[in-house]
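Student: Construct the complete structure from the given sequences, taking the supplied hints into account.
Here the working numbering is used: position 12 in the sequence shown is 12, and no number is missing along the way.
Just so you know, the hints here were simulated from the structure itself, not pulled from any lab data.
Only true hints are included.
Straight line, CA to CA, 25 Å or less: simulated DSS-like cross-link-like pairs of lysine-lysine:
{"no.": "1", "residue 1": "Lys60", "residue 2": "Lys76"}
{"no.": "2", "residue 1": "Lys64", "residue 2": "Lys18"}
{"no.": "3", "residue 1": "Lys60", "residue 2": "Lys75"}
{"no.": "4", "residue 1": "Lys76", "residue 2": "Lys64"}
{"no.": "5", "residue 1": "Lys18", "residue 2": "Lys66"}
Derived Cβ-Cβ restraints for the label pairs, each shown as a range:
{"no.": "6", "residue 1": "Ala40", "residue 2": "Lys20", "range": "39 to 47 Å"}
{"no.": "7", "residue 1": "Lys18", "residue 2": "Arg97", "range": "37 to 45 Å"}
{"no.": "8", "residue 1": "Ile80", "residue 2": "Lys18", "range": "16 to 24 Å"}
{"no.": "9", "residue 1": "Lys60", "residue 2": "Tyr101", "range": "33 to 41 Å"}
{"no.": "10", "residue 1": "Ile119", "residue 2": "Arg38", "range": "32 to 40 Å"}
{"no.": "11", "residue 1": "Met77", "residue 2": "Asp9", "range": "19 to 27 Å"}
{"no.": "12", "residue 1": "Asp9", "residue 2": "Gly43", "range": "15 to 23 Å"}
{"no.": "13", "residue 1": "Glu96", "residue 2": "Lys66", "range": "30 to 38 Å"}
{"no.": "14", "residue 1": "Leu42", "residue 2": "His6", "range": "14 to 22 Å"}
Ideal Cβ positions, reconstructed from N, Cα and C, are used throughout, including at glycine.
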Amino acid sequence: RRDLLHILDSHCRVEYLKSKWHCKSEFDFLYLPMDFRRRANLGYAFVNFTTAAGALRFWKACNKYKWEVEAPGNKKMCEIACADIQGRDALEKHFERFKFYCHTDGYLPVILSPPRDAIHISSFALGRP
1 RRDLLHILDS HCRVEYLKSK WHCKSEFDFL YLPMDFRRRA NLGYAFVNFT TAAGALRFWK
61 ACNKYKWEVE APGNKKMCEI ACADIQGRDA LEKHFERFKF YCHTDGYLPV ILSPPRDAIH
121 ISSFALGRP
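Tutor: Okay, here's the thing in structure tokens:
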């Protein structure tokens, strides 16, 4: 999750710095599901941008982006799609029903309040094992 947060934070910072009107790209929900047997993420994440414009800017910057991963010659590609569940409130309600069997809050869905952008970085976890 730390790597994903870094990617999102970097994107928001770039958008903030290049905007004359300081149009925010900010997100307020993040969840990266994990496979604890393989000790790896499942290859997808839930990220809620606070505006459609912010989500579109992230899509334009990162959709189909390829990067190297730990295994030499192995590439991963970012594919961004709209989720069936839209909005922080709907995501929060959806994931509140889940039981998360993990040993640390680092694997739980995160609600970011205030929304995380180039300046704000506060957060708290949703759900308990």
